[in-house]
Amino acid sequence: MTGTMQMVLRSRSLVLGAALSLVFFGAAVVSFLWVPYDVTLMGIANKIKPPSAAHWLGTDQFGRDILSMIMVGARTSIAVAVLAVGIGMGFGVPLGLWAAARRGSLLDELIMRGNDLVFAFPALLIAVMITAILGPSATNAIIAIGVFNIPVFARLSRSGALSLWQRDFILAARVAGKGSARISWEHILPNILNLLIVQGTIQFSLGILAEAGLSYVGLGAQPPVPSWGRMLAESQTFITFAPHMALFPGFAILLTVLGLNLMGDGLRDLLDPKLRRGRE
Amino acid sequence: MLRFLLTRLTSLVLSLVVASAVIFAVIEVLPGDPAAVMLGVNAQEDTLAALREELGLTEAPVMRYFHWVTGLLQGDFGVSYSYRIPVAEMISDRLQVSLPLALFALVLTVVIAIPVGIWAASRRGSAVDLGVMGVTQLGVAVPNFWFAMLMVLVFAVNLRWFSAGGFAGWDEGILPALKSLTLPAIALALPQASILARVMRSALLDTLGEDFVRTARAKGLTRRQALWRHAFRNALIPVLTIIGLQFSFLLAGGIIIENVFYLPGLGRLIFQAISARDLVVVESVVMLLVFAVIVVNFLVEVAYALIDPRLRSAR
Numbered sequence: 164m165t166g167t168m169q170m171v172l173r174s175r176s177l178v179l180g181a182a183l184s185l186v187f188f189g190a191a192v193v194s195f196l197w198v199p200y201d202v203t204l205m206g207i208a209n210k211i212k213p214p215s216a217a218h219w220l221g222t223d224q225f226g227r228d229i230l231s232m233i234m235v236g237a238r239t240s241i242a243v244a245v246l247a248v249g250i251g252m253g254f255g256v257p258l259g260l261w262a263a264a265r266r267g268s269l270l271d272e273l274i275m276r277g278n279d280l281v282f283a284f285p286a287l288l289i290a291v292m293i294t295a296i297l298g299p300s301a302t303n304a305i306i307a308i309g310v311f312n313i314p315v316f317a318r319l320s321r322s323g324a325l326s327l328w329q330r331d332f333i334l335a336a337r338v339a340g341k342g343s344a345r346i347s348w349e350h351i352l353p354n355i356l357n358l359l360i361v362q363g364t365i366q367f368s369l370g371i372l373a374e375a376g377l378s379y380v381g382l383g384a385q386p387p388v389p390s391w392g393r394m395l396a397e398s399q400t401f402i403t404f405a406p407h408m409a410l411f412p413g414f415a416i417l418l419t420v421l422g423l424n425l426m427g428d429g430l431r432d433l434l435d436p437k438l439r440r441g442r443e
Numbered sequence: 095m096l097r098f099l100l101t102r103l104t105s106l107v108l109s110l111v112v113a114s115a116v117i118f119a120v121i122e123v124l125p126g127d128p129a130a131v132m133l134g135v136n137a138q139e140d141t142l143a144a145l146r147e148e149l150g151l152t153e154a155p156v157m158r159y160f161h162w163v164t165g166l167l168q169g170d171f172g173v174s175y176s177y178r179i180p181v182a183e184m185i186s187d188r189l190q191v192s193l194p195l196a197l198f199a200l201v202l203t204v205v206i207a208i209p210v211g212i213w214a215a216s217r218r219g220s221a222v223d224l225g226v227m228g229v230t231q232l233g234v235a236v237p238n239f240w241f242a243m244l245m246v247l248v249f250a251v252n253l254r255w256f257s258a259g260g261f262a263g264w265d266e267g268i269l270p271a272l273k274s275l276t277l278p279a280i281a282l283a284l285p286q287a288s289i290l291a292r293v294m295r296s297a298l299l300d301t302l303g304e305d306f307v308r309t310a311r312a313k314g315l316t317r318r319q320a321l322w323r324h325a326f327r328n329a330l331i332p333v334l335t336i337i338g339l340q341f342s343f344l345l346a347g348g349i350i351i352e353n354v355f356y357l358p359g360l361g362r363l364i365f366q367a368i369s370a371r372d373l374v375v376v377e378s379v380v381m382l383l384v385f386a387v388i389v390v391n392f393l394v395e396v397a398y399a400l401i402d403p404r405l406r407s408a409r
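The listed protein sequences derive, respectively, from chains Z and B.
According to my numbering, the stretch in the first sequence is residues 164 to 443, in order.
According to my numbering, the stretch in the second sequence is residues 95 to 409, in order.
No lab work stands behind these hints, which were simulated from the structure alone.
Backbone N, C-alpha and C define an ideal beta-carbon position, used for all residues, glycine too.
Keep in mind that a hint or two might mislead.
[Stated by the list, open to error] Where chain Z lies over chain B, by a calculated footprint (3+ residues, C-beta under 8 Å):
hint, segment
1, 105 to 116
2, 232 to 240
3, 340 to 351
4, 369 to 380
5, 383 to 393
[Stated by the list, open to error] Straight-line Cα separation of at most 25 Å, SDA-like style, residue types lysine to any residue; simulated pairs:
hint, chain 1, residue 1, chain 2, residue 2
6, Z, K210, Z, F404
7, Z, K210, Z, T400
8, Z, K210, B, L247
9, B, K273, Z, T400
10, Z, K212, Z, F414
11, Z, K212, B, V251
12, Z, K341, Z, S326
13, B, K273, Z, L418
14, Z, K210, B, A137
15, Z, K210, Z, Q399
16, Z, K210, Z, F225
17, Z, K210, Z, Q385
18, Z, K212, Z, L418
19, Z, K341, Z, L246
20, B, K273, Z, Q399
21, Z, K212, B, D300
22, Z, K210, Z, G381
23, Z, K210, Z, V388
24, Z, K210, Z, T403
25, Z, K210, B, L244
26, B, K273, B, A262
27, Z, K212, B, A258
28, Z, K341, Z, P257
29, Z, K212, B, N252
30, Z, K212, B, K273
31, Z, K341, Z, E397
32, Z, K341, Z, L356
33, Z, K212, Z, F225
34, B, K273, Z, T403
35, Z, K212, B, K313
36, Z, K210, Z, L185
37, Z, K212, Z, L185
38, Z, K210, B, K313
39, Z, K210, B, N252
40, B, K313, B, L334
Using the sequences and the accompanying hints, generate a full structural model.
Below, the structure is given as structure tokens:
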């Protein structure tokens with residue numbers, strides 16, 4: 164156990180990434196209990212103030228505290244990205260495992276071609292289509308990003324499962340009379356979990372970026388729910404004389420995504436000894 | 095090669111058919127009554143009926159899909175409900191901004207990423223390599239529309255080297271037009287160039303470890319010669335895949351960046367169409383972008399087969 168801990172601590176990118184991610188996760192959790200100022204509180208007397216002792220990151224055009232907005236906005240970003248990764252894994256992994264269990268069959272071909280097709284619809288276009296019909300909302304952003312995640316996880320779990328199906332311990336399980344669904348669940352899934360965790364971290368960071376982009380163009384969470392992307396969109400009008408309004412939400416996105424990416428890299432090195440040696 | 099091309103072509107056509115069916119279903123069938131979506135909740139029954147008539151909604155969905163596709167094949171994208179002009183005309187106007195922007199960004203991506211990736215790989219473990227890895231790590235994480243805003247602040251507002259937005263138009267000459275696309279193209283290219291540089295670096299490092307490179311060195315080639323003559327070409331295969339994928343990201347990603355710079359491209363068009371509930375326009379623009387993505391991916395697969403004969407027979 165101490166050996167594992169040492170290895171974790173030796174991976175600088177993992178430690179740094181986890182620390183950065185924790186800051187924003189922490190901010191999101193704390194925001195449920197406490198924020199410096201109520202984000203629904205507007206004060207025209209306080210509008211567009213640069214950072215000060217009272218408002219560490221300044222205030223926006225309605226006099227709202229930017230630090231509090233970023234803390235509450237972290238919830239939106241994290242919730243959208245977590246649910247989108249959940250959709251991607253929830254549908255993608257079973258599909259990929261199913262395709263691998265029936266490799267070479269018509270079903271396999273259908274699932275994989277379907278995946279290619281979804282890849283032709285960037286998340287942004289899916290969001291545009293959904294919004295055109297249902298109107299903009301955080302839910303639609305989650306669906307759009309989630310749908311785009313499905314083929315990512317389906318391909319990953321299929322390719323991971325394919326190599327496992329050739330192994331002796333799977334053969335043993337088949338000889339023992341287990342069906343392919345049970346083998347996939349009991350033997351394949353635990354063995355590709357590492358792959359899924361690493362990819363999950365990466366898709367999570369992409370989800371944060373995608374959510375920011377969608378809410379920047381008004382296709383994400385709607386007012387009054389604070390979101391980082393919309394804070395940036397609103398700051399654009401004031402950027403010449405109040406750059407702090409644009410700087411801080413942007414840094415929040417950058418640092419969260421950077422933290423998750425570093426954590427993903429670190430986890431991959433840690434969980435995949437082959438890669439670790441190959442990289443040195 | 096011919097057989098390879100034929101199977102790829104079949105799957106290209108199939109993908110296009112399915113993609114168009116999906117788009118048609120999502121936009122025209124799922125909402126139930128597209129006329130009601132377009133006119134909103136307060137629409138009068140007779141206006142609704144007139145619009146249904148105009149859009150041909152009285153027909154069965156299968157027939158409507160058929161008419162839509164045959165129209166698309168002849169370059170007829172329908173008539174915009176809010177602007178009352180043919181959608182094909184609007185799209186071709188906007189493409190004069192969006193397509194050069196995506197190509198400009200692609201050129202920047204390739205021109206920056208390939209040399210940087212090779213540079214880092216050839217000096218693996220050095221300060222250069224670490225620097226490249228650090229900067230690209232940041233480049234992947236930065237939201238490009240935010241980076242675009244910061245560039246506007248620095249280069250347009252403070253230094254006044256560029257205008258903060260808008261498009262000069264091609265009539266004024268190529269240079270002013272390119273100038274107004276420069277900041278947007280850089281913003282679009284930044285994350286993609288970071289990804290590509292990393293892919294180039296790791297692909298090159300992988301091939302540099304291969305036996306044929308060692309043989310080339312044993313034959314008396316210098317490290318540099320072995321890199322350029324043997325490793326580079328082989329490392330290009332994963333790089334090409336990524337470039338193909340990136341073009342679609344650049345086209346679609348342009349939608350957001352165009353909004354930062356108020357560029358009159360497809361991105362602005364699609365958002366205007368959404369707020370005007372002009373489904374005819376939304377449907378056509380989405381179809382066009384998806385079409386571009388599918389065709390580009392097809393071209394990339396063909397390009398692979400040209401570079402690497404092994405892939406022709408493998409399929």
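Status of the hints after comparison with the structure:
1. 105 to 116: Since 6 is at least three, the answer is holds.
2. 232 to 240: holds (count 7)
3. 340 to 351: Since three or more residues must qualify, the claim that chain Z covers the segment 340 to 351 of chain B holds, with 6 doing so at under 8 Å.
4. 369 to 380: holds (count 4)
5. 383 to 393: holds (count 5)
6. K210/Z / F404/Z: 13 Å, holds
7. K210/Z / T400/Z: OK: K210/Z and T400/Z at ~14 Å, within 25 Å.
8. K210/Z / L247/B: 21 Å, holds
9. K273/B / T400/Z: 22 Å, holds
10. K212/Z / F414/Z: 18 Å, holds
11. K212/Z / V251/B: 20 Å, holds
12. K341/Z / S326/Z: Distance ~18 Å between K341/Z and S326/Z Cα, so the pair holds.
13. K273/B / L418/Z: 31 Å, violated
14. K210/Z / A137/B: It is violated: about 40 Å lies between the C-alpha atoms, which goes past 25 Å.
15. K210/Z / Q399/Z: Answer holds: K210/Z to Q399/Z is near 15 Å, not above 25 Å.
16. K210/Z / F225/Z: 5 Å, holds
17. K210/Z / Q385/Z: 21 Å, holds
18. K212/Z / L418/Z: 24 Å, holds
19. K341/Z / L246/Z: 33 Å, violated
20. K273/B / Q399/Z: Holds, at about 21 Å.
21. K212/Z / D300/B: 52 Å, violated
22. K210/Z / G381/Z: Holds, at roughly 23 Å.
23. K210/Z / V388/Z: 19 Å, holds
24. K210/Z / T403/Z: 15 Å, holds
25. K210/Z / L244/B: 22 Å, holds
26. K273/B / A262/B: 8 Å, holds
27. K212/Z / A258/B: Judged against 25 Å, a Cα distance of about 24 Å means the pair holds.
28. K341/Z / P257/Z: 18 Å, holds
29. K212/Z / N252/B: Holds. K212/Z to N252/B sits at ~21 Å (cutoff 25 Å).
30. K212/Z / K273/B: At roughly 34 Å apart (the allowed maximum being 25 Å), K273/B and K212/Z break the hint.
31. K341/Z / E397/Z: 58 Å, violated
32. K341/Z / L356/Z: 21 Å, holds
33. K212/Z / F225/Z: At roughly 10 Å apart (the allowed maximum being 25 Å), F225/Z and K212/Z satisfy the hint.
34. K273/B / T403/Z: 21 Å, holds
35. K212/Z / K313/B: 69 Å, violated
36. K210/Z / L185/Z: Violated. K210/Z to L185/Z sits at ~31 Å, over the 25 Å cutoff.
37. K212/Z / L185/Z: Judged against 25 Å, a Cα distance of about 28 Å means the pair is violated.
38. K210/Z / K313/B: 72 Å, violated
39. K210/Z / N252/B: 24 Å, holds
40. K313/B / L334/B: 29 Å, violated
In this structure, the hints that do not hold are numbers 13, 14, 19, 21, 30, 31, 35, 36, 37, 38 and 40, in rising order.
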